[in-house]
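Novice: Following the hints, position chains B and C against chain A.
Residue numbers (the working numbering), protein chains in the order written: chain A, 77 to 340; chain B, 16 to 281; chain C, 724 to 1058.
One or more of the hints may lead you astray.
Label pairs and their computed distance ranges (CB to CB) [what the hints assert, rightly or not]:
(1) C:A859 x A:Q267: 48 to 54 Å
(2) B:T227 x A:T173: 35 to 41 Å
(3) A:T173 x C:E811: 20 to 26 Å
(4) B:I267 x A:S125: 36 to 42 Å
(5) C:H726 x A:A325: 24 to 30 Å
(6) A:Q267 x B:D157: 32 to 38 Å
(7) A:D129 x B:H266: 39 to 45 Å
(8) C:K758 x A:T236: 40 to 46 Å
In short, the hints are calculated from the structure, not lab data. Every value quoted in this text rests on a predicted model; they were computed, and no experiment measured them. Just so it is clear, CB atoms sit at the ideal spot from N, CA and C, and this is done for glycine as well.
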Amino acid sequence: MIKTIKKYSRVYRHFVSTSIALGTSFRLHFVLLILMDLLFYFSSLASVSFIFDHVNQIGPWQRTEFMFFVCFMLAVDHLHMTFVSESFWELSHQIRTGSLDFLLLKPIGTVFHAFLRFIRPASALNIVVTWGLLIYYGQAIGLLWWQWILMPILMLLSLTLLVTMEILVSCSMFITIESFGINFLRMQLQQLARWPDFVYRLWARRILTFGLPVILVGSAPVHWLLSPFEFKFMAYMFLAIIVMWLIIAPVWRLSLSRYESASS
Amino acid sequence: MQAELRKWRATFEVSWTNHLAYRLNFILLVFGPALVFFFIKYNLWKSIYTMPGITVLQGYDFDQMLQYQLLVLIVSLMAQGHNSMKLADDIRLGRISSYLIYPFSFFKFHTASFLAFQGIQVLICGFTISFLMIIPLVTFSDFNSVMRGLYFASLVSFLWFQLQFLVGLLAFWLEETWILRVILMTTAQFLSGAILPLEFYPQSFVKFLDYTPFPYLTYIPIKIFQGDSINLLNASLVLLFWSLFVYAINHILFKRGVRLYTAAGM
Amino acid sequence: MIHAKALSKSFRSYIKQPGLVGSVKSFFSREWTTKHAVENFDLEVQGGEIVGLLGPNGAGKTTLMKMFTGIIVPSSGSVNVIGYKPFERSIAFRQQIALVMGQKSQLWWDIPALDSLHLLGSYYEIPEAELKSRIAHLAELLQVSDLLKIHVRKLSLGERMKMELMSCLLHKPSIIFLDEPTIGLDLVAQKTIRRFLLDYHEQHKPTIILTSHYMADVSALCRRIVLVLDGQKQFDGPLEKFAQILGTEKFVKFQFAESQNPNSESFQGFKATWNPEYTRVEMQIPEKNLRDASIKILTNHAVVDFHTEKLAIERVMDELMSNPALAASTQNHAG
Chain A
77 MIKTIKKYSR VYRHFVSTSI ALGTSFRLHF VLLILMDLLF YFSSLASVSF IFDHVNQIGP
137 WQRTEFMFFV CFMLAVDHLH MTFVSESFWE LSHQIRTGSL DFLLLKPIGT VFHAFLRFIR
197 PASALNIVVT WGLLIYYGQA IGLLWWQWIL MPILMLLSLT LLVTMEILVS CSMFITIESF
257 GINFLRMQLQ QLARWPDFVY RLWARRILTF GLPVILVGSA PVHWLLSPFE FKFMAYMFLA
317 IIVMWLIIAP VWRLSLSRYE SASS
Chain B
16 MQAELRKWRA TFEVSWTNHL AYRLNFILLV FGPALVFFFI KYNLWKSIYT MPGITVLQGY
76 DFDQMLQYQL LVLIVSLMAQ GHNSMKLADD IRLGRISSYL IYPFSFFKFH TASFLAFQGI
136 QVLICGFTIS FLMIIPLVTF SDFNSVMRGL YFASLVSFLW FQLQFLVGLL AFWLEETWIL
196 RVILMTTAQF LSGAILPLEF YPQSFVKFLD YTPFPYLTYI PIKIFQGDSI NLLNASLVLL
256 FWSLFVYAIN HILFKRGVRL YTAAGM
Chain C
724 MIHAKALSKS FRSYIKQPGL VGSVKSFFSR EWTTKHAVEN FDLEVQGGEI VGLLGPNGAG
784 KTTLMKMFTG IIVPSSGSVN VIGYKPFERS IAFRQQIALV MGQKSQLWWD IPALDSLHLL
844 GSYYEIPEAE LKSRIAHLAE LLQVSDLLKI HVRKLSLGER MKMELMSCLL HKPSIIFLDE
904 PTIGLDLVAQ KTIRRFLLDY HEQHKPTIIL TSHYMADVSA LCRRIVLVLD GQKQFDGPLE
964 KFAQILGTEK FVKFQFAESQ NPNSESFQGF KATWNPEYTR VEMQIPEKNL RDASIKILTN
1024 HAVVDFHTEK LAIERVMDEL MSNPALAAST QNHAG
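Bound-form chain A, shown alone:
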């Protein structure tokens, strides 16, 4: 077990160093990535703020609570952009060109290699902005010290749930050769997750909670932070993560068995 952890730590350190080497070799690209993220954060927050210029609340939440939710999701999105997003796009490219072959030959877990290989160092720098906003609105809603301590864990849980669903969606890339479009399907999942559960009408809410639990990504942890005695959503979230993880292994293996490897 220790040996395995050491091995994967060593490999991941190289993932980070090679990604930094790659990310910093194109400087304009580096700066533009930061700008792209910032524009996205600004437009997300401004859109919600403009709505609240004309209404007092949406569902049970007023401006600060809703803005806190948006900031929480932006922080999760930031982690996604930094640690996994690039790997998902690379995977579709690798499946299309057949360069996935080499990934399959390496004596290391293929899910680990496929989805954690590339990091975006430029996006990592935006942590200052995302956490700055999160802290600002978190203080506005009066979060307590222990809630702040749990915040990173909640964020990791959210990221885990989102990424596991995206991995399952990405498995379809092996079946359809049109793998690029599947990435846009993933992005629609992210879009759906960026709004709280109560925004969705009844049947949509049920399907997106119990069928494809994408709205639990943000709604579960934020509902709990706002009402720590209500465990319902967090319970659903844990259950969803466990179920997703149980499904991933056989689905991934099945997907790999369908890989045809583009001819050279």
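Specialist: Same frame as chain A, now just chains B and C:
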């Protein structure tokens, strides 16, 4: 002249085939995002308008807001579907060498390709509008408004094509241009009224937007579809101005780019 | 090392009618066709062998390699490589195999080769000190020590291929699959790589499975050839036996000081190809007649130059490609 038309037609046909070849990609890249965007906004505005005391916001009741969002869907299908990925790849991967030798320029090739794509989009839009009118989820004040709207959305599609072309040309200088495409999409969505009607934005901000082409990408076409009193001639001229402006920049960039160009050996 | 029995792999692809109408039709409904890339393939390879897989493009060689390495799953049949089922892709299996593909690179394009090699070393759990020394040793053998810190995209094809070879040998695999390793390389680079592989094999005795279009690769490296045509095995045996498929004739070329009469008795009874001036002839002479026929020509005609060559395996391949019926008869030669 006949030979020239033949080249356009052949390129149109090949591009049409290309666009339809990857059918799942086609649905997922073009149709899917617009639908999901609409779905989210439908749910959001429904939940806002069902709150006590809310019937009209900035001149929109729920039905009018729903109409607006549906028209965002239609306008985005009609005017903003095209992207310059292939163009950027042609530059990045050195395929541009072929265009420099063919007797059919890079500009003409990609314009013909855009026309093929737009042809497909018009068909999809036609079906969507008919479908929505049959349900009925959307109503137009008269047939005239629909025609004016479609005409204007076609003009917008050309401006969008020029903007995408501009981003694609930057592949002469940038390793990857997808970031710029995303920046363009994010900015356009936010500033054009695709997320929220511009009436919801601070008015000083909207005044500034009037000096940019962004409201013409979504907000103005929607108003035309809705039969609002927009001076179609004025709006067309403004759009034409912006299209020519961006076209001129593209022309300069392409000349500079080709000079800098070195074929990437593959 | 490799035990394959009745191995088969089929791929499905769709047919589209040309033109605009065809495109729209195919958007809604498609006609599918199946290609049998590999059919009923048997193969036994012992440890330490170097085996050449020969065949034209599309014969199924690369598909076989991918099934042996576990990249793709066979449609039917069984395969066992170093005691493992490749498509189960156990970590222990992957630790012992290596694959180099001449047409695909496993090195990361935008970083120096050294960074890629260190990352690879971490996959194979090679201790840092040992990794450093192996990299240094292999780089010296391949004469690329000065290139390790240069971005891979800046290297020439030959230099890149040497780095690819290094990357596949770091973990001292017991079986190495080389898929067209010298494709696109100049003659000097090809020779260097062949020499290196032979030396490496002599020292470490891995099993090597090689595919190549260059007969020089096969002649230099392989003692045993497996011929693959249309996904099926058509020959499996020693290189010498392959060269003899079309018989034991020799090609003999004569250059004369002046024009000759092609109907002269010396040239009768053998297949002869003349140049337009009748100053040069290429003849196919059975081995048993070679001495007498050559003496006759050398004595009776003004020969300025001549040489013989065995019916090179290139010619065997050419014959087999243009005369598929001959392939069926080579079944008798299958080892």
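Novice: Hints first: check each against the structure and report whether it holds.
Specialist: Here is what the structure says about each hint:
1. Take A859 (chain C) and Q267 (chain A): their Cβ atoms lie about 51 Å apart, and the range 48 to 54 Å holds.
2. Between T227 (chain B) and T173 (chain A) the Cβ separation comes to about 39 Å, which falls inside the hinted range of 35 to 41 Å.
3. As the Cβ distance of T173 (chain A) to E811 (chain C) is approximately 25 Å, the hint placing it in 20 to 26 Å holds.
4. Taking 36 to 42 Å as the suggested C-beta distance range, the pair I267 (chain B) and S125 (chain A) conforms, at roughly 38 Å.
5. For the hinted restraint 24 to 30 Å between H726 (chain C) and A325 (chain A), the CB-CB distance of approximately 29 Å keeps it satisfied.
6. Distance hint check for Q267 (chain A) and D157 (chain B): the Cβ-Cβ separation is about 35 Å, which falls inside the suggested range of 32 to 38 Å.
7. Distance hint check for D129 (chain A) and H266 (chain B): the Cβ-Cβ separation is about 42 Å, which falls inside the suggested range of 39 to 45 Å.
8. Distance hint check for K758 (chain C) and T236 (chain A): the Cβ-Cβ separation is about 41 Å, which falls inside the suggested range of 40 to 46 Å.
Violated hints: none; the structure is consistent with every hint.
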